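Visitor: So the sequence lines, in the order shown, correspond to chains Y, L and A.
Per my numbering, numbering through the first sequence is continuous, rising by one, with the last residue being 229.
Per my numbering, numbering through the second sequence is continuous, rising by one, with the last residue being 1275.
Per my numbering, numbering through the third sequence is continuous, rising by one, with the last residue being 2242.
If you are wondering where the hints come from, they were derived from the structure by calculation, not from laboratory data.
Owing to the predicted nature of the structure, the values given are computational and were not obtained by experimental measurement.
Do not rely on the hints blindly, as some may be mistaken.
What the hints assert, rightly or not - Pairs of lysine to any residue, SDA-like flavour, derived with a Cα cap of 25 Å:
no., chain 1, residue 1, chain 2, residue 2
1, L, Lys1139, A, Leu2146
2, L, Lys1139, A, Pro2155
3, Y, Lys14, Y, Ser198
4, L, Lys1188, A, Arg2145
5, L, Lys1139, A, Arg2145
6, L, Lys1161, A, Gly2133
7, L, Lys1139, A, Arg2151
8, L, Lys1188, L, Gly1049
9, L, Lys1032, A, Gly2133
10, Y, Lys14, Y, Thr96
11, L, Lys1139, A, Gly2144
12, Y, Lys14, A, Arg2067
13, L, Lys1032, L, Ile1245
14, L, Lys1155, L, His1136
15, L, Lys1139, A, Gly2133
16, L, Lys1032, A, Ser2050
17, L, Lys1020, L, Glu1048
18, L, Lys1161, A, Arg2228
19, L, Lys1037, A, Gly2133
20, L, Lys1161, A, Arg2151
21, L, Lys1037, A, Arg2132
22, L, Lys1188, A, Gly2133
23, L, Lys1188, A, Met2148
24, L, Lys1161, L, Val1146
25, L, Lys1188, A, Gly2144
26, L, Lys1032, A, Arg2132
27, L, Lys1037, L, Val1090
28, L, Lys1161, A, Arg2229
Stated by the list, open to error - To be clear about the criterion: a stretch of chain A counts as covered by chain Y if any three or more of its residues have a C-beta under 8 Å from a C-beta of chain Y, and this derived list gives those stretches:
no., region
29, 2061–2071
30, 2210–2217
Backbone N, C-alpha and C fix where the C-beta goes; we use that ideal spot for every residue, glycine too.
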Amino acid sequence: MMAELAFLFGVTRKLLGGLPLTIELVTLSVATGALLAVAMALARSASRIAAVLVSFYVFVFRGSPLLLQMFFIYYGLGQFAAVRDSFAWPALRDPTFCAILSLALNTAAYTSEILRGGLASVPSGAIEAGRAVGMSRVMLLRRVVLPLAIRQALPAYSNELIAMVKSTSLASIVTLMEVSGIAYALVSETYRAIEVLSCAGAIYLVLIVLLTRGVWLVETWLSPAGSRA
Amino acid sequence: MAVASGEQGVTSGSATEAAKPVVIEAIGVEKKFGANKVLRGVSLAAREGEVVSIVGASGSGKSTLLRCFPLLEIPDAGDVAIAGEVLALVERGGRRLPRDIGQVQRVRSELGFVFQSFNLWPHRTVLGNVVEAPVHVQKRPRAECVAEAEALLEKVGLADKRDAWPAQLSGGQQQRAAIARALAMRPKALLFDEPTSALDPELVGEVLRVIRGLAEEGRTMLIVTHEMSFAAEVSTRAVFLDAGIVGEEGPPEQIFRHPQTDRCRAFVSRHLARG
Amino acid sequence: MGNALRLVGFGPTGWGGTLLEGAAMTLALSVCAYLLGLAIGALCAWGRLSGGRAVRAMIDVYTTVLRGVPDLLVIYLFYFGGGQMIGAIAHLFGATGFFGLNGFMVGTIAIGLVTGAYQTEVLRGGYLAIPRGEIEAARAIGMGRLLMLRRIIAPRALRFALPGMGNVWQQVLKESALVSVTGLAELMRQVNVASGSTQLPFDFTIAGFALYLALTTVSGGVFMGVERRVAHGERMARKQRA
Ligand SMILES: Nc1ncnc2c1ncn2[C@@H]1O[C@H](COP(=O)(O)OP(=O)(O)O)[C@@H](O)[C@H]1O
Ligand SMILES: [Mg+2]
Chain Y
1 MMAELAFLFG VTRKLLGGLP LTIELVTLSV ATGALLAVAM ALARSASRIA AVLVSFYVFV
61 FRGSPLLLQM FFIYYGLGQF AAVRDSFAWP ALRDPTFCAI LSLALNTAAY TSEILRGGLA
121 SVPSGAIEAG RAVGMSRVML LRRVVLPLAI RQALPAYSNE LIAMVKSTSL ASIVTLMEVS
181 GIAYALVSET YRAIEVLSCA GAIYLVLIVL LTRGVWLVET WLSPAGSRA
Chain L
1001 MAVASGEQGV TSGSATEAAK PVVIEAIGVE KKFGANKVLR GVSLAAREGE VVSIVGASGS
1061 GKSTLLRCFP LLEIPDAGDV AIAGEVLALV ERGGRRLPRD IGQVQRVRSE LGFVFQSFNL
1121 WPHRTVLGNV VEAPVHVQKR PRAECVAEAE ALLEKVGLAD KRDAWPAQLS GGQQQRAAIA
1181 RALAMRPKAL LFDEPTSALD PELVGEVLRV IRGLAEEGRT MLIVTHEMSF AAEVSTRAVF
1241 LDAGIVGEEG PPEQIFRHPQ TDRCRAFVSR HLARG
Chain A
2001 MGNALRLVGF GPTGWGGTLL EGAAMTLALS VCAYLLGLAI GALCAWGRLS GGRAVRAMID
2061 VYTTVLRGVP DLLVIYLFYF GGGQMIGAIA HLFGATGFFG LNGFMVGTIA IGLVTGAYQT
2121 EVLRGGYLAI PRGEIEAARA IGMGRLLMLR RIIAPRALRF ALPGMGNVWQ QVLKESALVS
2181 VTGLAELMRQ VNVASGSTQL PFDFTIAGFA LYLALTTVSG GVFMGVERRV AHGERMARKQ
2241 RA
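Taking the hints into account, I'd like the entire structure generated from these sequences.
Guide: This is how it looks when you write it as structure tokens:
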């Protein structure tokens, strides 16, 4: 029994060693993805051609597995000598960079759809009312459109954040030693899959519960009193 | 004692009706939601062919009372009886429950309930709504049910809407379809809970016309309504429900023209002035 | 470039047939996992809606855990841990050696369990979206529980749950790529193998994108068709008003 507990404790400690990398993958890819998504939303409204390109991008990245996307960036691009000789090659050869890039590109596609849904949900009456009292375009966006759109999009974005935390485990397939990568190594080392994977699962679960809690706080903070369903 | 008060209610109706059997009856029904005592001992009966209108202020318990007859609400005390058959209730774990759910289902299928909000099933056509229960609950042959349903739709003026979907109908049409659905069960009594309250004013007339027709056929009906002049015209007896008890009961001329109690007089004058 | 086309294509030296077989395997795996998840979800939604406190708590734990743990770990759990469990049982009967579930079973169970958690929420939401009056009308007309479930509740809940069920299907199709870690010859695995032996990972990932997009798009269209059929009455009415 004691030996058992000591084993679980040791495993958890080793797994936690991968937590900083997991968190790094989440934060960098989510931040990059959010910027990309906003850029795409702006591009969409700027020109018809950009809108078509963005739609195609979203279609491809939402319609195919993240693992394939990661594989494409890590292995696929290196097929060409031109890429291998370019300035980008040191980065594209780095699994951490490739993992973050593919996670960011993936979440950007989902986030841009969520953003679009949020913007579409803003009632035209609210915008009209803002115009009627003489708000400028920028002020209208900042004081009316964005607060309403973000409040509406937050639950969906919260789900996307959770999905991203889980998706970082795919980085282990391109050899990164984040929590899942370490778990995989420990399973091959100890042959005690159930114990090791349960500990790893628990770490993700705690991470996600904390994240959900955080988003919930933001949500209450953003909601005007009495408007919560 | 509870039964006696029910009899008393009936005898105050017209003398010629007295010989007919009682079709639907509430006996000392009480119901509370939490601390809110909604019904405080209501006894009420309708004999065959009677049209009893139930009026009263909003929140006085009219809907709750009506919903007790098919046991959509279960009374905390008292009983309901349909065609002389008391719906057996038993105490279990501090709650009152039907003793025999089969009996409840059978009796429900013998009553027609028409809701304020129609409650048609949107995934079935108008005809589909009407034949649903005769075919699946009463297990009657489909062809027979369809023929009867078509006749009923004709009667409520919806023959041409047979294959329409509920969402394609106006409120008045939906309510008439709901009445046809209730009639398709060949019910012993019809219960209406404010059948026109959810309708635009210009659609009220078409529904009242259908209900008036049913009254003239001699159907047994309980009608909760705020349409005072309509109630005065079609009902054989009226009941004024006041904060969970029968405040006054009598022929429509009494309730709507010469109320005996102060509270009923106040209620009626308020509503007639508005209507 | 001509060489690459030949390799991705269907000729004697081409990998086209292999990729298509992989796509078929992806589809088969996804269908099995989806059906398992649907069965689990229906059962759990029912338990969540009408079970006792203990049942509801257990289902909550299940949905929370399986939605909060990476799918890859769940697949590993059945891939490596499945062998551990079966091995333990086999040893009791005197058998020795390494035991494992095959990749197809691992994938079906793991993805079925994960998406069962999502389906639970989708189906529960579908039930809760039914206007209460429609159920009330069914009760008032004397329908029994089973009849009501079959004629009113199931079709109405389905109508509200279908969009969510379609999303879960898309999720299953994409997550199935993770089962490639078990060596199961589904599409992702075949892309991987073909890339390795031809040294043309770019061409084969592009082919992979095309096949996955075909799968998600076509099946998405099928779901939309079903949705349209189920929502028939309401859609007709909208069209008429417009
Ligand atoms: N299911 C319920 N739960 C709690 N309170 C209820 C419920 N149904 C009715 N009530 C309460 O019972 C009272 C009487 O309601 P109701 O019978 O609908 O009145 P009426 O139909 O005369 O307007 C109201 O105060 C209402 O809030
Ligand atoms: Mg009412």
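Visitor: All hints, please: hold or fail.
Guide: Evaluated hints:
1. Proximity of Lys1139/L to Leu2146/A is assessed by CA-CA distance (about 15 Å); at most 25 Å being required, the pair is judged to hold.
2. Restraint check: the Cα-Cα separation between Lys1139/L and Pro2155/A comes to about 20 Å, which is no more than 25 Å; the hinted pair holds.
3. Taken as a hint, the Lys14/Y and Ser198/Y pair is honoured in the structure, with Cα atoms around 14 Å apart against an allowance of 25 Å.
4. Only pairs whose Cα atoms come within 25 Å are accepted, and Lys1188/L paired with Arg2145/A is accepted, the gap being roughly 23 Å.
5. A distance of roughly 16 Å separates the Cα atoms of Lys1139/L and Arg2145/A; the hinted pair therefore holds under the 25 Å criterion.
6. For the given pair, Lys1161/L sits about 22 Å from Gly2133/A by alpha-carbon distance, which is consistent with the 25 Å threshold.
7. With a CA separation close to 14 Å, the supplied pair Lys1139/L and Arg2151/A stays within the 25 Å bound.
8. With a C-alpha separation of about 10 Å, the suggested pair Lys1188/L and Gly1049/L falls inside the 25 Å cut-off, and the hint holds.
9. Between Lys1032/L and Gly2133/A, the direct Cα distance comes to roughly 21 Å. Compliance with the 25 Å bound is thereby established for this hinted pair.
10. Between Lys14/Y and Thr96/Y, the direct Cα distance comes to roughly 20 Å. Compliance with the 25 Å bound is thereby established for this hinted pair.
11. The suggested pairing of Lys1139/L with Gly2144/A holds, with an alpha-carbon distance near 13 Å, which does not exceed 25 Å.
12. The suggested pairing of Lys14/Y with Arg2067/A holds, with an alpha-carbon distance near 24 Å, which does not exceed 25 Å.
13. Straight-line distance between C-alpha atoms of Lys1032/L and Ile1245/L comes to about 13 Å, which keeps the hinted pair within the 25 Å bound.
14. Using a Cα cut-off of 25 Å, the hinted pair Lys1155/L and His1136/L holds, with the two alpha carbons roughly 23 Å apart.
15. Of the supplied pair hints, the one linking Lys1139/L and Gly2133/A holds, its CA atoms being roughly 23 Å apart against a limit of 25 Å.
16. With a CA separation close to 24 Å, the supplied pair Lys1032/L and Ser2050/A stays within the 25 Å bound.
17. At roughly 6 Å between alpha-carbon atoms, Lys1020/L and Glu1048/L fall within 25 Å of each other, so this suggested pair holds.
18. Note on Lys1161/L and Arg2228/A: the hinted pairing holds, with a Cα-Cα distance of about 22 Å set against a maximum of 25 Å.
19. A hinted pair counts as satisfied when its Cα atoms are at most 25 Å apart, and Lys1037/L with Gly2133/A qualifies at roughly 24 Å.
20. In summary, the hint linking Lys1161/L to Arg2151/A is supported, as the alpha carbons are separated by about 22 Å, within the 25 Å threshold.
21. For the suggested pair Lys1037/L and Arg2132/A, the alpha carbons sit about 23 Å apart, so the restraint of at most 25 Å is met.
22. Taking the CA atoms of Lys1188/L and Gly2133/A, the gap is near 22 Å; set against the 25 Å cutoff, the hint holds.
23. Restraint check: the Cα-Cα separation between Lys1188/L and Met2148/A comes to about 22 Å, which is no more than 25 Å; the hinted pair holds.
24. Between Lys1161/L and Val1146/L the alpha-carbon distance is near 14 Å, which keeps this suggested pair within the 25 Å criterion.
25. Among the hinted pairs, Lys1188/L with Gly2144/A is consistent with the structure: their alpha-carbon atoms are about 20 Å apart, no more than 25 Å.
26. Between the alpha carbons of Lys1032/L and Arg2132/A the distance comes to roughly 21 Å, so the proposed pair stays at or under 25 Å and holds.
27. Between Lys1037/L and Val1090/L the alpha-carbon distance is near 21 Å, which keeps this suggested pair within the 25 Å criterion.
28. A distance of roughly 20 Å separates the Cα atoms of Lys1161/L and Arg2229/A; the hinted pair therefore holds under the 25 Å criterion.
29. Counting residues of the region 2061–2071 of chain A whose CB lies closer than 8 Å to any CB of chain Y gives 7, so the stated coverage by that chain holds, three being the minimum.
30. Proximity of the region 2210–2217 of chain A to chain Y, defined as three or more residues with a beta carbon under 8 Å from a beta carbon of that chain, is established by the 4 residues found.
Of the numbered hints stated above, none is contradicted by the structure.
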